[in-house]
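Visitor: Spelled out, the chains give:
There are 2 protein chains.
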Amino acid sequence: MVQNKSVIFLKHPTEYPVAGEHFEVQTKELHANLKDKDVLLRNLYISLDPYMRGRMRDTNKSYTAGFVLGQPMNGSGVSEVIESKNDAFPVGSIVTGMVDWSEYSVATGAQGLRIIPDGRNSKIPLSSHIGVLGMPGMTAYSSLQIIGQPKAGETIFISAASGAVGQLVGQIAKRQGLRVVGSAGSDEKVAYLLNDLKFDAAFNYKKGVILENLEKCAPEGVDIYYENVGGETLEAALEVMNNHGRIVACGMISAYNNPNPYGIKNLMHIIAKRLTMRGFIVSDFAAQCAADFARDVGGWLVNKEIIYKEDVAVGIDSTPEAFIGMLNGKNFGKQVVKIADL
Amino acid sequence: MVQNKSVIFLKHPTEYPVAGEHFEVQTKELHANLKDKDVLLRNLYISLDPYMRGRMRDTNKSYTAGFVLGQPMNGSGVSEVIESKNDAFPVGSIVTGMVDWSEYSVATGAQGLRIIPDGRNSKIPLSSHIGVLGMPGMTAYSSLQIIGQPKAGETIFISAASGAVGQLVGQIAKRQGLRVVGSAGSDEKVAYLLNDLKFDAAFNYKKGVILENLEKCAPEGVDIYYENVGGETLEAALEVMNNHGRIVACGMISAYNNPNPYGIKNLMHIIAKRLTMRGFIVSDFAAQCAADFARDVGGWLVNKEIIYKEDVAVGIDSTPEAFIGMLNGKNFGKQVVKIADL
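Protein chains in written order, with our numbering: chain A, 818 to 1159; chain B, 818 to 1159.
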């Protein structure tokens, strides 16, 4: 009998989740029992994303369905079909879609799965399909255009700029002729922004005063703030925003694990400077942007006009630590877990 | 020689302005010395508005020109032309535009003045031209449509709902088939919202817990929050907003006189609920809305389909106290000062 390791959700955390208390890896025997249209997946990569912290909350107010206590956690993944009762997904297909954080999982009715053409002979890493070509990439691409409305010559400030979304936002903004400023949590990440992604300016938010660093990096103010972190960084951005600026509210990771988050005192700038701050989730924009996104980002990636850094944890056992590390900003680039080789 | 009383700006306040310290009434002899195109005005009404607190700040970051130390404060007014070197504004004309907080003032080149047709025989109070038909009315009308995008059946929550802007927002929203909820600072104001303006629900924000009151008044959540106050009221609104809600950021009076304003901790709702929060100043929208505004609000007012409460202080000497009172929410309805009878 095949043994199957899964990351099981145990308890709703109120602060940082703790492995063994809120989630843990458990081993069970695999019983696939496929019904008509089902497929059995051998999972290769799973995506770890900050928004998933919201799915751990004990509330029905989170914007995506919560994880179920006692069940495997789940998210975007790349998998191989190893057993199939669905003609559209023959054995051997490489697919992407929502999968369990498990070595093997059943996709009921193959719902939401999509075949990756040439998946077995891909010119780009398979993990790209849950990163730069997946949900984080679509998030960056769609929201920058629809909410940010970038114009050449403007300045954009991106927080968590070396992360899954930020690094693509910055590179697209550079292509569109903006001055690009980023913040990140280590000197190594800042060097990546400046040297590899060619940002115009960047700073380590853990060193010095955020507002002073931002003022130095954006002497002409900020027209678009791409918000991933919240807290003092948002407050600093509000101080330096230009009139009619746009705040793309993608994430506020500083608040996710804190039951008493930092209070923002200078929202008056939203009125005085006539700012627009707009939240979104990627599914709001996916349909209208899918074709453009695939053509643009897919093309840039194949032609090596953009780069995309991933932080790859190896093995299902590494998942809890990688997830907690990502919530603490320890990841350098988009966090994925490689569960198995193809 | 004619004596002329004016309210002179003396000092930038950091908290609530104090009469005699930050501004005071002074009497000087009137020396008109009109040049070509100038007119001399006998001022009848002046408008006192919360945004003017921003013009008292010692900063160039306020969104309108600051008051000038040692000079009269100014704002919208209604005046009679009593001396004229401008053929477009003959003696006896009733005009509205930016005027000094003075009994008499010179309008250089008659800049920005507009004649009120039938001003001497008006069917509506002359003060309407600085209230419901003036800047506050245009503010309410334009921003509700452009930012709020109201749809019949939705719920709108309006803070400072009996104020200059709020009372018109509420009545327009009722006309458009929305469920209208308001907050105000006294039981008398709440009774006005319910009985006179026909709001669906209203509460006194000084009694009980704001969030609990709001939840009771808006059991199906809030689709549009018309923001005039900031602070805890904004925080409560964020809690009850529905997905895709809009926040019309018109004012945050709770923060104007406080160098250390209340910090907003739950902005994460902007992302989770995909909210849009947008600031504006009325001049952003005035051109595109002027014709519709004059037709709609002017028509409703003449036909008594809407009502509009004013709080009228009498005499230029009453101005400092009335202004401070307005910043404290003591006004009941739109605050004006009647300086003289026609």
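If you're looking for bench data, these hints aren't it; they were derived computationally from the structure.
Incorrect hints may appear among the rest.
One copy or two, it doesn't matter: identical chains are merged, so the pair holds either way.
[Claimed, not checked] Straight-line alpha carbon distances no greater than 25 Å define the calculated SDA-like cross-link-like pairs of lysine to any residue that follow: (1) Lys1090 - Gly914; (2) Lys1090 - Ala1107; (3) Lys1121 - Glu1005; (4) Lys1090 - Leu1144; (5) Lys1126 - Leu886; (6) Lys1090 - Pro1076; (7) Lys1023 - Asn1083; (8) Lys1082 - Leu1028; (9) Lys852 - His829; (10) Lys854 - Asn1145; (11) Lys991 - Arg859; (12) Lys1082 - Asp875; (13) Lys1090 - Arg874; (14) Lys1090 - Leu857; (15) Lys1033 - Thr925; (16) Lys968 - Gln1105; (17) Lys1023 - Ile1081.
Visitor: All hints are to be evaluated individually against the structure, with a verdict given for each.
Guide: For each hint, the structure was consulted:
1. Lys1090 - Gly914: Close across copies (24 Å), not inside one copy (41 Å); limit 25 Å.
2. Lys1090 - Ala1107: between (33 Å within a copy, 22 Å between copies)
3. Lys1121 - Glu1005: Within. Shortest intra-copy distance 22 Å satisfies the 25 Å Cα cut-off; inter-copy 68 Å does not.
4. Lys1090 - Leu1144: Intra 32 Å, inter 21 Å, cutoff 25 Å: inter-copy only.
5. Lys1126 - Leu886: Result: close neither inside a copy nor across copies, 32 Å intra and 56 Å inter.
6. Lys1090 - Pro1076: For Lys1090 and Pro1076, only the inter-copy Cα distance (19 Å) is at most 25 Å; the intra-copy one is 30 Å.
7. Lys1023 - Asn1083: Intra 21 Å, inter 23 Å, cutoff 25 Å: intra and inter.
8. Lys1082 - Leu1028: both (14 Å within a copy, 19 Å between copies)
9. Lys852 - His829: So Lys852 and His829 fail the 25 Å test inside a copy (32 Å) and across (75 Å) alike.
10. Lys854 - Asn1145: neither (40 Å within a copy, 66 Å between copies)
11. Lys991 - Arg859: neither (38 Å within a copy, 57 Å between copies)
12. Lys1082 - Asp875: Answer is between: at 18 Å across copies they meet the 25 Å cutoff, but 28 Å inside does not.
13. Lys1090 - Arg874: Between copies only: 15 Å across, 35 Å inside.
14. Lys1090 - Leu857: neither (54 Å within a copy, 35 Å between copies)
15. Lys1033 - Thr925: neither (53 Å within a copy, 42 Å between copies)
16. Lys968 - Gln1105: both (20 Å within a copy, 24 Å between copies)
17. Lys1023 - Ile1081: both (19 Å within a copy, 23 Å between copies)
Consistency with the previously given hints fails for numbers 5, 9, 10, 11, 14 and 15, ordered from lowest to highest.
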